[in-house]
Amino acid sequence: MAEAIIQMRDVNKWYGKFHVLRNINLEVAPKERVVICGPSGSGKSTLIRCLNRLEEHQQGNIIVDGTELTNDVKHVEAIRREVGMVFQHFNLFPHLTVLENLTLGPIWVLKKPKAEAEQEAIKYLERVRIPEQANKFPGQLSGGQQQRVAIARSLCMNPKVMLFDEPTSALDPEMVKEVLDVMVELAVGTGMTMICVTHEMGFARKVADRVIFMDQGEIIEQNTPDAFFDNPQNERTKLFLSQILH
Amino acid sequence: MQNTIDTAPNLGLMANMVIWLRDRFFSSVGNSLLTVLSVWLLLMAIPALFDWGFTRASFYANNAQECREAGGACWAFIGEKYRFILFGTYPFEQQWRPLIAMLLFVAMLILSTWQRLWNLSLLVLWIMSLTTVAILMWGGIFGLTYVENSSWGGLPITLLLATFAIALSFPIGVVLALGRRSNMPVIKSICVVYIELIRGVPLISLLFMASLMLPLFLPEGLTIDKLLRALIAMVLFSAAYVAETVRGGLQAIPKGQFEGAESLGLGYWQQMRLIILPQALKIVIPPLVGIFISMFKDTSLVVIIGIFDLTLAAKSSLADAKWQGFGVEAYIFISLIYFIFCFSMSRYSQVLERRLSVGQKR
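Chains A and B supply the protein sequences, listed in that same order. Be aware that the first sequence starts at 1, since it is given in my numbering, and climbs by one per residue. Be aware that the second sequence starts at 1001, since it is given in my numbering, and climbs by one per residue.
These aren't lab readings, by the way, just hints derived from the structure by calculation. Remember, it's a predicted structure, so these values are computed and weren't measured experimentally. There's no promise every hint is true.
As the list claims (entries may be wrong) - If you want the footprint, here are the derived chain B segments under chain A, 3+ residues with CB under 8 Å:
hint, stretch
1, 1246–1260
2, 1273–1281
To be verified - Taking lysine-lysine and the BS3-like style, the derived pairs with C-alpha atoms no more than 25 Å apart in a straight line are:
hint, chain 1, residue 1, chain 2, residue 2
3, B, 1282, B, 1255
4, B, 1282, A, 136
5, A, 136, A, 31
6, A, 177, A, 31
7, A, 136, B, 1188
8, A, 74, B, 1282
9, B, 1255, A, 17
10, B, 1282, A, 112
Positions of the beta carbon are idealized from the N, C-alpha and C atoms, including for glycine.
The shape of chain B in the complex, shown without the other chains (with noise of 0.2 Å):
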């Protein structure tokens, strides 16, 4: 009796290998136009760009006029600019100062993923860390000349705004989320009306309002910072959006769970935070993601107030006479950084969501 079990035959390395592109990119007439619809694109784009981008490219110039001789990208042009920025208008000599604090910063955030820090130390190390930021980009003392904040710009703007802002509207809308499935009517109307409000005007139109209108309201001789006006309208902004993402995760939460909860005992806080909260947010993780990284590319609707962030400083970067027309290099370089940022973001979330996912079905 021969021995019945079939294996497939192995048809060699050739045929296995047609057998496979056949499958993914041939295996329907659909499939096969897009197939060849796409490598038709890539071959116009990617030698296209590759000769623009790296062969013809000038890495080095002395002026403008050499670099538009050579007909490729100008990456000199970034060479010459790239402190103005990444640092904008912060005097020049004193330039290692933002740096070193925005290392330190964005040290503090890597740090900040290791989940077994997250206690109490952690919050220790943040406030040493600010306080030697803000001592930084400060200055005033230990003998260091001081910067007023509206002489600060680029990356460190745009970073220190977005992290704020998201640090800050993140507990303001899970309890806003909270307040609008509360059963007293008054703490849920005036969540209710605070996210519609929000949610109905674009994020600019609160900026606009929190640096001209904030003023107003406050009484006579008190002046907020620029810079905390614009920080107050994204918080406000972002608030909302997180809320209601929040409230969606809050509403998959089977009853049982609550009940379970109530059963023991436990009070309205204690089951939110120990039971509802924990399971809800990590529902909402991937909307929530998305949420702090439009955040983080919304910080360049900031040049509407005269807020120096790195758009501005990569728009004003331009201005110059002696090198003009090389906007393309100077805004593929700050697509370059915030994608740096918004994509470890998202990567981050990835990690963050197998991690909380440990003995359950994803």
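Isolated chain A, as found in the complex (with noise of 0.2 Å):
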């Protein structure tokens, strides 16, 4: 058994006075596809956004590829640079074109010279299945080409675990496909790492290993994705499934 890339122990945190996150507990084997689901406010997002620091955790150990997370700049940036991110809004760089979007990392953080980090960022945005965009302003794009931009963004830093959070749930209907399937592909065709923050519940059938489900800041249930939604042995968890498959 693989050491986990990612652990955490005994994770809490507060906002304030609202707790936000109970008792967190999990490991994430290297290669294994983790979706985290749950009502809204259940703190799937600050689970995932504690991994690479964008929040900060008050209590408990996390650790990455080894490495601790801590106050210590130079460990959060190591970190940074390991766990790539796609955000439910995108965040792209709107000032920048797409090409420059996806080098930016490569160039100031890889310290890769530009003509590699180019010719690598054109291999993913083939592989994202927009290469004739890479001339283009992010406002220029579509919802679904925009987040496989933002996809092709952190893949250009070759991380080893990638997090999602809710990266389909801005998107307009017909969109959503479009990019479930580069993620799809990612999962099976790369062996990356990869949990995600989702609400579409085939993808999940699909791709992943392990489906958990969180509420009000605790893991409630985790299980393989059919014996998640054939067989859920929590309350909590049926409610929570018969609200959203309908």
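Starting from the two chains in their separate frames, assemble the complex, guided by the hints.
Here it is in structure tokens:
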């Protein structure tokens, strides 16, 4: 059994008085695909945002690829190089072209020469099936295209883990499939470790190794997709599934 | 079956004109009254102005008496005094030097607006031209007689003070804005105190303080040139306003941009330089250019510490006993000069905004 690439031990977080993460214990193995679902306010986004220090946990340990996440800036920056993130609202840089968005990280953080970074960027753009958009600005693309650019941007950093924070929630329905296809190809084709917060249960069934259900800051249930959807154990899980699978 | 596409009937030129006028000038009672009032004001003002400024004006006159007899504007006064207004107390025969220096300076400013030149070569060009300007203005070498800067005056002073004040206050203001938003309490407090202190006092008092108090803080024997003191005061003043404007721009950047940059592993200064500041500065171009335009005109306040800028030169030109009473002409002349520079800055800012908005909704 390979050493877990992500370990969360007794992680607790408060927003002021509000206890948003309660005693989270989670281990993710390399190449594992984990889908986290749950009602809104359950802390799922907060959980994955703690993994690259976009949020700070107050108690417990988070260890990513052997490095512990603390206030040490060097650790944080090292971890961020290994962990890529795709956001619900894309967070592309509007003043740069698509190609520049992709090559920014490799050039300035990984110190790659510009030509090499651009070659790799085009490769990833082909991977997400929009190589012809390289010289456009994000504002000129559709939502689905922007999210695919965002995925390509994270991939250009060659991360070990990819975090997805509700990547399709802000998209028009007809564009959801094109993004999910890219994510499926990523999971199946490259064996990337993926942790995905999403409501797309079809995607979870197809690709996930494990589905985790969170409610009110706690992990309530986790299981393989088939067991999770066909045979939920906990009452709250059953209630949630009945609400979203209609 | 008839072709049912309706096009607006073509009523002919006269009818179209009437409709156009009616919609724009007489669309309601209020608008009609305003139109009538405006036209009346224009009819009162423009012919009179034209009459004063051109018809009855004297463009050439041998002395003030002739000018006054003509009754209109005395542009001959400007013809007589323009060298004094433009160059102040700079030695008369040497005035070709500040002329060339200023032409070079303005040419460099215009060249700097060309975006393709924004790299190291521009810096080199600036260093070379500033050296040339310095040599021309001060002299002392290459056979030029030495003219110390207390004899400089007029437009060169205004241009040099304004340009250096703007150029230096901008980076300082950006750093102050970043500092004020910092999480480190010491840095944040220093920036807040500085900004609020400076914004609480008028520029005139800063100029006084720089002129009178700065020498007190310096060790014995070390004096700072008066022009430099004025420049320091103006830089300190402008930086505070630039800081608050830039801070407004920084606040307008959505948190997602910071998170996107952080998730890529970019460090703080990399984030600011590559992602945040380009966007924030673009947003605040309008108020920022407004600050710079104000700074250009605020150079006229240095009369208070006895520096001979364009405004003081105009004022002094009126002291001539032989040419009395032509204040209007003198101030119209320098107003025109100020207007040319300020309006150019304003136009350039619009060009810059348009250029930087490629690919985005405006």
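Hint check:
With a threshold of 8 Å between beta carbons, the proposed coverage of the stretch 1246–1260 of chain B by chain A holds, since 4 of its residues qualify and at least three are required. Here the stretch 1273–1281 of chain B counts 4 residues with a CB under 8 Å from a CB of chain A, which clears the bar of 3, and the coverage holds. Of the pairs offered as hints, the one joining residue 1282 of chain B and residue 1255 of chain B holds, with about 17 Å between alpha carbons and a cut-off of 25 Å not exceeded. This hinted pair checks out: residue 1282 of chain B and residue 136 of chain A have alpha carbons roughly 19 Å apart, not beyond 25 Å.
Straight-line distance between C-alpha atoms of residue 136 of chain A and residue 31 of chain A comes to about 33 Å, which puts the hinted pair past the 25 Å bound. Restraint check: the Cα-Cα separation between residue 177 of chain A and residue 31 of chain A comes to about 23 Å, which is no more than 25 Å; the hinted pair holds. As the CA atoms of residue 136 of chain A and residue 1188 of chain B are separated by approximately 39 Å, the hinted pair breaks the 25 Å bound. Straight-line distance between C-alpha atoms of residue 74 of chain A and residue 1282 of chain B comes to about 31 Å, which puts the hinted pair past the 25 Å bound.
At roughly 23 Å between alpha-carbon atoms, residue 1255 of chain B and residue 17 of chain A fall within 25 Å of each other, so this suggested pair holds. Proximity of residue 1282 of chain B to residue 112 of chain A is assessed by CA-CA distance (about 28 Å); at most 25 Å being required, the pair is judged violated.
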